[in-house]
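One line per chain: the protein sequences are A and B, in this order.
Okay, so the first sequence: first residue is 1 according to the UniProt record's numbering, each after it adds one.
Okay, so the second sequence: first residue is 1 according to the UniProt record's numbering, each after it adds one.
It is worth saying that the hints were derived from the structure and are not from the lab.
Be a bit skeptical, because a hint or two may be false.
[Stated by the list, open to error] Covered stretches of chain A (in silico footprint by chain B; criterion: 3 or more residues with CB under 8 angstroms from a CB of chain B, positions within the stretch not fixed): (1) 13 to 23; (2) 27 to 38; (3) 93 to 101; (4) 160 to 168; (5) 304 to 318; (6) 356 to 363.
Because the structure is a prediction, the values reported are computed rather than measured.
Ideal placement from N, C-alpha and C gives every residue a C-beta, glycine not left out.
There are 2 protein chains.
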Amino acid sequence: MAQQELGQWRDLAQLREEIDQLDQQLQTLLNQRAQCAQQVAQVKTATEGEDTQFYRPEREAQVLRRIMERNTGPLSNEEMARLFREVMSACLALERPIKVAYLGPEGTFTQQAALKHFGHSAICLPMAAIDEVFREVEAGSVDYGVVPIENSTEGVISHTLDSFMDSGLQISGEVVLRIHQHLLLGENTRPDKISTIYSHASSLAQCRKWIDAHYPGVERVPMPSNAEAARKVCGEWHSAAIAGDMAAQLYGLKKHAENIEDTPDNATRFLIIGRHTTPASGEDKTSLMLSMRNQPGALYQLLEVFNRHQVDMTRIESRPSRSGAWNYVFFIDCTGHQQEPRIQTMLAELGERAAEMKVLGSYPKGVL
Amino acid sequence: MAQQELGQWRDLAQLREEIDQLDQQLQTLLNQRAQCAQQVAQVKTATEGEDTQFYRPEREAQVLRRIMERNTGPLSNEEMARLFREVMSACLALERPIKVAYLGPEGTFTQQAALKHFGHSAICLPMAAIDEVFREVEAGSVDYGVVPIENSTEGVISHTLDSFMDSGLQISGEVVLRIHQHLLLGENTRPDKISTIYSHASSLAQCRKWIDAHYPGVERVPMPSNAEAARKVCGEWHSAAIAGDMAAQLYGLKKHAENIEDTPDNATRFLIIGRHTTPASGEDKTSLMLSMRNQPGALYQLLEVFNRHQVDMTRIESRPSRSGAWNYVFFIDCTGHQQEPRIQTMLAELGERAAEMKVLGSYPKGVL
Chain A
1 MAQQELGQWR DLAQLREEID QLDQQLQTLL NQRAQCAQQV AQVKTATEGE DTQFYRPERE
61 AQVLRRIMER NTGPLSNEEM ARLFREVMSA CLALERPIKV AYLGPEGTFT QQAALKHFGH
121 SAICLPMAAI DEVFREVEAG SVDYGVVPIE NSTEGVISHT LDSFMDSGLQ ISGEVVLRIH
181 QHLLLGENTR PDKISTIYSH ASSLAQCRKW IDAHYPGVER VPMPSNAEAA RKVCGEWHSA
241 AIAGDMAAQL YGLKKHAENI EDTPDNATRF LIIGRHTTPA SGEDKTSLML SMRNQPGALY
301 QLLEVFNRHQ VDMTRIESRP SRSGAWNYVF FIDCTGHQQE PRIQTMLAEL GERAAEMKVL
361 GSYPKGVL
Chain B
1 MAQQELGQWR DLAQLREEID QLDQQLQTLL NQRAQCAQQV AQVKTATEGE DTQFYRPERE
61 AQVLRRIMER NTGPLSNEEM ARLFREVMSA CLALERPIKV AYLGPEGTFT QQAALKHFGH
121 SAICLPMAAI DEVFREVEAG SVDYGVVPIE NSTEGVISHT LDSFMDSGLQ ISGEVVLRIH
181 QHLLLGENTR PDKISTIYSH ASSLAQCRKW IDAHYPGVER VPMPSNAEAA RKVCGEWHSA
241 AIAGDMAAQL YGLKKHAENI EDTPDNATRF LIIGRHTTPA SGEDKTSLML SMRNQPGALY
301 QLLEVFNRHQ VDMTRIESRP SRSGAWNYVF FIDCTGHQQE PRIQTMLAEL GERAAEMKVL
361 GSYPKGVL
């Protein structure tokens, strides 16, 4: 027994030695990578001058995609991409940290999106309103802005769409934060004995149809947060909570039903806005703003163009235009980059049919 | 010229190729490190059983210190340590993510401290009050708690000290977030023409003495945040802002005077609390709680013990005891670990002189 323990400990010591050696190699490579990044910056400054863009969204998207493709584990694609995002963020900050304005306050999902996209070496500053984010980017006091564009509970963020009407800024990226909800039970709770479901009001709303179908007579009690709902359920035998994975893990609750949100793609989407256009990354999206004359079949004629060019429209939203009482403005996302001839032809045709058209930007499809 | 440009572009392509190769090597090493960490976990589970502690604060502190010692740059020690914290966090989460309760809400400095210490792969959950953090750790629903212990503006967080009186939890680490304030001016502002200083009320308070000495007659105007103060100053010729580096960089303001906070070590300190003792890391601190009989010279006798054993006392705070009307409780931090014979001898002596003594824990001195 003593000998076995000794053997085990020797193994542990060996493993730790191995980890230390790996760490040394990692550190050397990280500094080499940082040196290369510095050289890239020097070359770019020499050719492009003072106004050089060190941050290249399309290049970063390509690097992350490649990393995820060739990943063998045991680290998951998500964790690996997150680590490399931080590495790129640290290398970039050596030259000059990226400055980012986001819709605050601190601690919101928009901050989370900003950090997910730019890494923790970026300087991220909260703004009080969406149009302030636009203004800071336009004024050049920050490099990029991060604003929410659609949200499963609140729908489209119309402030953001409206800000685009008056702005010359370009979309240079998107970030998607996925949110999944589960029905969580304590260990000894029987699913057929539930009389109360606790959750935050917005989560109860997100899962309304599912609750109607599966627990129609059950009382729904709003709580200050999903985490508190989960905690409450720990000690109760006849209640359940709706909350995410984190709360389930934290309180050791069973997931009786997973992903019960009514919209299968329950997520909040954010846009990165900047002053520059972004070259194609190989997997891109293009966002447009179009206004139509108020005549029968106008919308159909619009959609027909996308269909004929076999361009996949991923989203369409309409907003009342500010300029004319009867005009509508459509915000459209489609796959493809405005550098592609196929998209260029389609855009030209759309421009002829629309009263007004503005390309808000082509940008890499959100990685992860 | 065209040829030079071509040459430059070829260089860029070469550099990017080099970065891609470095990234591939980095990725391989990261997955190898994760595999080693998995093997460590297997060995530990085999010898220590179900209740194994995978997270070892003293080991992590050692790894980070070594990384900072041998760092050659260009990445700074801080950035390098941050990257490795994330790597360790990701490797650890493969086995089982660490669960951490912190004093919420989200977006506070305490969350920042939790993420700085445990990395972004940990599950961090906000609690509404300090004693809730203690309760969650005691109940075993989380592995660790993060609570503020001292804050330059509010002083010691007495709630945290009081919670230790009733708790059997151990301190297993500390995190320090440093906060520096500067006097910031717009490019064309003359320092001798300033009539107004803008800043958040707590920053104005933190720099009160400095302002009294250097700008006695100047109006102090509180703002909702330091960032807004900095922004306001951009457009004004006769005003200055007090804010940190981030705001200075963001708004391109000059630092007319740096580190003007009255306490030179302006920082917020947080404690990591857990259920286990932490072995020595080589550079440790020990925290004690002592109550003295209310007799003349009691405090002096206490301090004499530290002095005689040449143990460096880094902090002392007194709180009224809850048990007797005339007793005081002292919270003392000193350098050294309770495993060291020198500290053990001193603790034994202190225990004899004190009415009551509790060792709150020995833990690695905060890295960074």
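Of the hints given before, which are not true for this structure? Violated: hints 4, 5 and 6.
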